[in-house]
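Enquirer: The chain contents come next:
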Amino acid sequence: MEDMYREIILDHAKNPRHAGILESADIECEEHNPLCGDRLHLTMRVDENDRITDVAWDGDGCAISQAAASMLGEEIIGKTLDEVRHIDKERILEMIGIPLSMNRVKCALLSLKVLKIGAYGLAEWRKSEDEEEDI
Amino acid sequence: MSTTHRAFPYDIDRARADFPILNQEHHPGTPLIYLDNAASSQKPLSVIETLDDYYRRYNANVHRGIHKLSEEATVAYEAARVKVRKFINAGSKREVIFTRGTTESINLVANSWGRANLKPGDVVLSTVMEHHSNIVPWQLLAAEKGFTLRYVPILSDGTLDMDTLRHELATQPVKFVTILHMSNVLGTVNPVAEIARLAHEYGALILVDGAQSVPHMPVDVQAIDADFLAFSGHKMVGPTGVGILYGKRDLLEAMPPWMSGGDMISRVTLEGSTWNDLPYKFEAGTPSIAQAIGLGAAVDYLTQLGMEQVQAHEHILTEYMLERLAEVPGVTLYGPQYSIDRGAVATFRFADIHPHDLAQLLDAEGIAVRAGHHCAMPLHDYLGVGATARASVYLYNTPVEIDALIEGLYKAKKVFAG
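Those protein sequences? They're chains A and B, same order as listed.
Each residue of the first sequence is one higher than the last, beginning at 1 in our numbering.
Each residue of the second sequence is one higher than the last, beginning at 1 in our numbering.
Source of the hints: derived by calculation from the structure; they are not laboratory data.
Take these hints with a grain of salt, some might be off.
Listed below are the simulated SDA-like cross-link pairs for lysine to any residue, each with C-alpha atoms no more than 20 angstroms apart in a straight line [stated by the list, open to error]:
#: 1; chain 1: A; residue 1: K127; chain 2: B; residue 2: D250
#: 2; chain 1: B; residue 1: K68; chain 2: A; residue 2: I98
#: 3; chain 1: A; residue 1: K106; chain 2: B; residue 2: Y280
#: 4; chain 1: B; residue 1: K93; chain 2: A; residue 2: S128
#: 5; chain 1: B; residue 1: K68; chain 2: A; residue 2: R104
#: 6; chain 1: A; residue 1: K89; chain 2: B; residue 2: L278
Away from chain A, derived, C-beta distances all over 10 angstroms, residues of chain B [as the list claims (entries may be wrong)]:
#: 7; residue: T74
#: 8; residue: V75
#: 9; residue: E78
#: 10; residue: V128
#: 11; residue: H167
#: 12; residue: D263
#: 13; residue: I265
#: 14; residue: P378
Being a predicted model, the structure only gives us computed values, none of them experimental.
The beta carbon of each residue, even a glycine, is placed where N, CA and C say it ideally should be.
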């Protein structure tokens, strides 16, 4: 059980990187996970080459959802929207680095959902969801 | 009477051994002969044990808990959804919605899609052979929304009048077609793929009532190109209290929720709410968890037997049942002849014995049949009969049981002649 709350996750959850709301953001999106009551609000700036220059997360929820958002933010800064497109569920679970039960996977993936819907729209998110069909 | 039969595709005795209820005496000394499968099927031990296992070992609510029991229940519930998806070849498990049964599935479409899209001037096209569950929801909605409900008649051989159906589509502003796949009275199997093609050609959507077809034959929603398919678990060796609505994803995405409450929301404030993703948007409240998992076990059972095999078994048995019934003086059969590919029901009247009396006399012989209008009063009006008797077979019935039915008819005749 301690594994689930290993140090790096607790660190990100307690001290989330890129916390807050960016003024004049290019991309803004908010989603909720009704299971835990998680809420994540993403604001993001991109330059003229669609490169992500700044990211901010505002929200509240369980350690898993908040830590995943914090880690994802660090991962995507400096990358282009095209490079970020192929970040998938597996990559998020790899960053979390601990086995998650079915219900908790939703917590971990909330930030990816917000990013995908914000950056590419709902259709793109659904496409990536379909890849993990038939569990 | 010939007692040789074409080769059945699987060992019936072995299949029967899977159903504990069949291994009992209906009355002391009289074995049970269950011929009321169109009303509800019996359950194999694997389904019964699945329900038992859930309640004994991991009973908990789904989608809410972090604890181990809830996690296990959620995984089993969602695994059942995937089994159903494969069984009907839906493109995505998000297109598979758990309901209480066919009736609720049809009500969902009427109240969600229908309420949002139907207006005065529109026509919903159905048929005279529908079950009440595919008539009444549309009548209620028509009274509220002011659209017109029209019904395609049947021909004298019990098949659908396809010429009239084409004519209706060509000349009426039909927005929605709602039609059963297999009649629970006539046994007629409607050409739903062809009807879907026609409906789409004229810009209408189609709902297929698969309550009697999905349990008895392979049904592929993509091959049919149905926009919606409704069916029940309890008629396909699964538990009561669970059914399925399949819907094409684009349509479901655009549809508003019907029932509302827990589990179907994304976020609720006192001012308003946003909806959860598919399929949960349409699964408000705690679902029939044990039953859904049990339906998964039923799908496993049918898949293992093979739906082609089930269909072949029933075809041989239905042909035999119709042949034998036709030989009995005084029997009037309804529905297509056995030479036509048809479902596993035989609906009939016998001499001047009322079907209720007949069913009672047959019950005394251990034989369970249905008597009445089978939730299809408009069809009985159309046929000009008040009530009928119906024998319906399934994967575990045998020719010997059909012989017993015939003997039962002769005994009934003696009682009434005496």
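Enquirer: Could you run down the list of hints and mark each one as holding or not?
Expert: Hints and how they fare:
no., hint, in the structure
1, A/K127 x B/D250, "holds (13 angstroms)"
2, B/K68 x A/I98, "holds (17 angstroms)"
3, A/K106 x B/Y280, "holds (14 angstroms)"
4, B/K93 x A/S128, "holds (14 angstroms)"
5, B/K68 x A/R104, "holds (12 angstroms)"
6, A/K89 x B/L278, "holds (19 angstroms)"
7, T74, "violated (6 angstroms)"
8, V75, "violated (5 angstroms)"
9, E78, "violated (6 angstroms)"
10, V128, "holds (40 angstroms)"
11, H167, "holds (39 angstroms)"
12, D263, "violated (8 angstroms)"
13, I265, "violated (6 angstroms)"
14, P378, "holds (41 angstroms)"
In this structure, the earlier hints numbered 7, 8, 9, 12, 13 are contradicted, and the remaining ones agree with it.
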